[in-house]
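**Q** Produce the complete structure using the sequences and hints provided.
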Amino acid sequence: MISVVRSLIALVAAVLVTSAAAQIELDYWHGFTGPDLPLMEALIAEFNAANPDVVVRGEPIPWGNIWQQLEPSVAAGRAPDVVAVNEDVVTGFILRGALAEMTPEALAAAGIDAGRFYEPLWETGMVDGAAYAVPVHSVMLVMYYNKDLFEAAGLDPESPPSTREEYLAAARALTRDTAGRAPGESGFDANNLASWAAGIPSPWMGGTIAYAVAAQNGVTFVEGADADFEPNFDSPEAVEAIEFLVSLVREHGVSPANATEGSEIDAFRQGQAAMNFNGVWMLGQYADQAGLNFGVAPFPQLGTERYATWGGSSHLAMPRQRNADPAKQEAAMRFIGWMTQAEQNLFWTAAGGLPTQSAVADAEGYASNPMTAVAEALDGTFVLTGFPFLAQFRGAWDAAFEAALLGDKSVERALSDGASEARSSIQDGLLSLP
Amino acid sequence: MATETARPKRGRHRSPSGPAWVPYLYLLPHAVLFLVFIVYPIGFGLWVSLHRWNILSDVQRFVGLDFYLRLVTPGSPQFTFFWKTMGNTALFTVLSVPALIFSALGLALLLEKPIAGRSVFRAIFFLPTILAVSVMGLLWRWMFENRTGLVNILLDLVPFTQQFPFLTNVGWAWIPIVVGTIWWTVGFNMILYGAALAAIPRVYYEAAAIDGAGAWARFRHITWPQLNPVTLFALVTTTIGSFQLFGQSHVITAGGPLRTTQSVMMYITEEAFTNFQFSSAAAMSVLFGLLLLLVTGVQFRLTLRDLGRGVR
Numbered sequence: 003m004i005s006v007v008r009s010l011i012a013l014v015a016a017v018l019v020t021s022a023a024a025q026i027e028l029d030y031w032h033g034f035t036g037p038d039l040p041l042m043e044a045l046i047a048e049f050n051a052a053n054p055d056v057v058v059r060g061e062p063i064p065w066g067n068i069w070q071q072l073e074p075s076v077a078a079g080r081a082p083d084v085v086a087v088n089e090d091v092v093t094g095f096i097l098r099g100a101l102a103e104m105t106p107e108a109l110a111a112a113g114i115d116a117g118r119f120y121e122p123l124w125e126t127g128m129v130d131g132a133a134y135a136v137p138v139h140s141v142m143l144v145m146y147y148n149k150d151l152f153e154a155a156g157l158d159p160e161s162p163p164s165t166r167e168e169y170l171a172a173a174r175a176l177t178r179d180t181a182g183r184a185p186g187e188s189g190f191d192a193n194n195l196a197s198w199a200a201g202i203p204s205p206w207m208g209g210t211i212a213y214a215v216a217a218q219n220g221v222t223f224v225e226g227a228d229a230d231f232e233p234n235f236d237s238p239e240a241v242e243a244i245e246f247l248v249s250l251v252r253e254h255g256v257s258p259a260n261a262t263e264g265s266e267i268d269a270f271r272q273g274q275a276a277m278n279f280n281g282v283w284m285l286g287q288y289a290d291q292a293g294l295n296f297g298v299a300p301f302p303q304l305g306t307e308r309y310a311t312w313g314g315s316s317h318l319a320m321p322r323q324r325n326a327d328p329a330k331q332e333a334a335m336r337f338i339g340w341m342t343q344a345e346q347n348l349f350w351t352a353a354g355g356l357p358t359q360s361a362v363a364d365a366e367g368y369a370s371n372p373m374t375a376v377a378e379a380l381d382g383t384f385v386l387t388g389f390p391f392l393a394q395f396r397g398a399w400d401a402a403f404e405a406a407l408l409g410d411k412s413v414e415r416a417l418s419d420g421a422s423e424a425r426s427s428i429q430d431g432l433l434s435l436p
Numbered sequence: 002m003a004t005e006t007a008r009p010k011r012g013r014h015r016s017p018s019g020p021a022w023v024p025y026l027y028l029l030p031h032a033v034l035f036l037v038f039i040v041y042p043i044g045f046g047l048w049v050s051l052h053r054w055n056i057l058s059d060v061q062r063f064v065g066l067d068f069y070l071r072l073v074t075p076g077s078p079q080f081t082f083f084w085k086t087m088g089n090t091a092l093f094t095v096l097s098v099p100a101l102i103f104s105a106l107g108l109a110l111l112l113e114k115p116i117a118g119r120s121v122f123r124a125i126f127f128l129p130t131i132l133a134v135s136v137m138g139l140l141w142r143w144m145f146e147n148r149t150g151l152v153n154i155l156l157d158l159v160p161f162t163q164q165f166p167f168l169t170n171v172g173w174a175w176i177p178i179v180v181g182t183i184w185w186t187v188g189f190n191m192i193l194y195g196a197a198l199a200a201i202p203r204v205y206y207e208a209a210a211i212d213g214a215g216a217w218a219r220f221r222h223i224t225w226p227q228l229n230p231v232t233l234f235a236l237v238t239t240t241i242g243s244f245q246l247f248g249q250s251h252v253i254t255a256g257g258p259l260r261t262t263q264s265v266m267m268y269i270t271e272e273a274f275t276n277f278q279f280s281s282a283a284a285m286s287v288l289f290g291l292l293l294l295l296v297t298g299v300q301f302r303l304t305l306r307d308l309g310r311g312v313r
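Those protein sequences? They're chains A and F, same order as listed.
If you're matching positions, the first sequence starts at 3 in the numbering used here and goes up one per residue.
If you're matching positions, the second sequence starts at 2 in the numbering used here and goes up one per residue.
To be clear, the hints were calculated from the coordinates, so they are not data collected in a lab.
Using N, Cα and C, we set each Cβ at its ideal position, and we do this for glycine too.
Careful: at least some of the hints might be erroneous.
Residues from chain F shown here face chain A by an in silico Cβ test under 10 angstroms; the list is partial [what the hints assert, rightly or not]:
1. W54
2. G76
3. F279
4. R306
**A** Rendered as structure tokens:
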């Protein structure tokens with residue numbers, strides 16, 4: 003009996019030893035915990051099948067928990083081998099020393115070609131000319147619109163508004179108060195709208211919309227490192243952008259006061275709001291809404307200078323290891339390279355994400371994706387990234403927009419208060435960099 | 002045993018069950034947990050708050066009381082937001098604690114009467130307590146959503162009332178948070194009061210009835226004083242719980258509008274895990290902990306004095 007147990011133990015040990023020798027095990031943390039999880043797991047399984055010497059273990063963890071755990075895990079020497087990080091935190095992680103640099107040789111060996119990706123996306127993973135993270139997922143602010151309401155208002159349901167003038171014209175045609183009066187008609191009651199164009203909510207989604215319009219006015223929000231990350235979003239261009247959005251509610255009467263992101267989603271689903279500004283991730287919810295005949299279009303150019311929309315992205319990176327194992331690093335780079343190839347990205351877009359590279363946007367297999375309508379906007383995706391303490395800027399920006407929208411402060415005052423809050427917080431953050 | 006105690010011993014604390022260190026052995030498990038999970042983190046938090054702490058840095062620069070001084074010097078965002086959210090939290094506590102004590106007492110008094118389905122009602126009032134804060138928050142956000150929430154739909158239907166944007170209105174945004182919190186947690190205090198009511202000796206009421214005391218007099222002079230220890234306990238735990246407001250504001254209003262429903266715990270979390278300013282957040286936590294200790298101390302003194310009078 004004892005000898006049987008002993009030989010079993012020996013056998014198990016032998017299997018363990020040989021598999022350990024033959025296989026490199028990689029831990030991969032990512033936050034794709036929603037409907038996109040099965041697709042991510044299918045990709046991991048496919049990589050594992052194609053690379054018998056590597057076993058990638060994907061661990062879906064909510065994004066916020068990854069941000070909390072990444073640096074302590076690096077400090078404790080227990081970091082995962084690969085991690086997915088988002089555009090708004092990646093620069094901070096790089097500057098605080100949580101992520102390992104990807105040398106040009108390592109990138110080349112893994113088949114990662116920077117030129118393949120949309121430039122702003124690729125730039126997001128870089129600091130001081132060095133690469134740290136490769137784009138794997140991309141989202142943006144888009145416009146959903148109700149085709150039936152467009153037709154009822156005498157608008158062409160196949161050509162949604164794309165400029166400020168077109169938007170205002172369509173918005174007036176789509177807005178009616180409860181007595182059936184249009185904006186501008188005598189007695190029009192903007193406080194009792196029966197149908198309207200699109201609500202401008204607060205704070206985060208409103209801040210996102212305001213960000214896109216200000217970017218269209220040429221605002222860069224925060225200066226670069228050479229100018230000490232000085233916030234510059236109290237400029238006349240930014241004031242113009244916010245004033246326009248506020249005027250949609252107060253002057254034009256085509257957006258209801260006191261909109262929230264949730265109330266606007268409901269109003270769009272129920273056919274009260276003819277348009278809705280939100281992320282590509284809303285597609286599934288709207289598609290499931292019975293009786294909602296809608297289209298997706300690029301976020302219109304409500305600003306005056308250039309085309310821009312808000313974009314976000316996820317990137318694959320390697321956390322810094324205390325005792326880096328070259329074999330593991332090679333395998334991690336191979337995994338990152340494979341995951342970010344056009345073929346895998348095309349498969350991934352089925353979950354609602356946008357192409358990370360033009361090859362996917364142009365691919366035949368992408369033509370049937372409902373998001374093709376917004377693919378043209380990808381070049382104008384203006385990703386908020388590239389400096390540490392982005393949260394400090396974004397918090398101040400959202401608060402400034404909310405104060406202006408709710409009428410708590412004048413637009414100039416809200417933006418100058420916001421800029422001085424951001425200035426103080428960013429300087430404070432810079433002091434705490436190692 | 003009697004003979005044991007009668008015989009004089011050298012060790013004063015020598016107990017019949019073994020050597021003097023045995024009781025400490027029984028205390029050890031809790032002491033270890035207490036040291037590891039309470040004392041050590043507090044000490045470490047203090048240390049972090051005195052340095053410019055960065056977990057991945059080799060050197061943690063000592064900055065003394067810099068982060069504390071900033072919290073008492075007007076001008077910085079930290080000063081502005083810490084005290085603003087502190088005020089918000091205090092307002093929430095003032096709004097919710099009396100409501101949570103008196104509505105719990107009211108429910109317990111009603112359910113003390115021998116009515117049909119008493120235990121069913123008890124279960125109904127207690128059940129929300131077991132919900133996760135995210136579930137409760139989503140529910141009440143949905144109830145009070147601007148324009149499309151159930152409350153607003155009802156306001157639209159009822160004559161002479163009209164829709165009201167609770168979530169984007171300074172001040173009124175507290176309504177969904179406070180109402181939701183009462184619905185969510187009143188059951189706990191209700192059970193406490195229910196148990197305490199059942200423990201009041203009936204003879205007191207019989208004696209009072211013979212003396213001709215009315216319902217109010219019986220409540221005022223028997224029930225209320227007899228419930229004093231439970232009221233103290235409920236007051237202290239509910240106050241501490243209210244000061245730790247986090248999830249309800251986080252889910253229902255996200256701290257808005259204009260940061261007016263952001264609690265101090267939410268702001269500390271934002272400073273630590275959104276802004277990655279751990280030392281600043283640690284200093285705020287220490288200051289907040291001290292303030293909470295002060296509030297609890299004052300409460301204890303006031304109510305213990307009352308309690309002493311009640312017993313005498």
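**Q** Taking the earlier hints as the rules, which of them does this structure contradict?
**A** Result: hint 4 breaks, nothing else.
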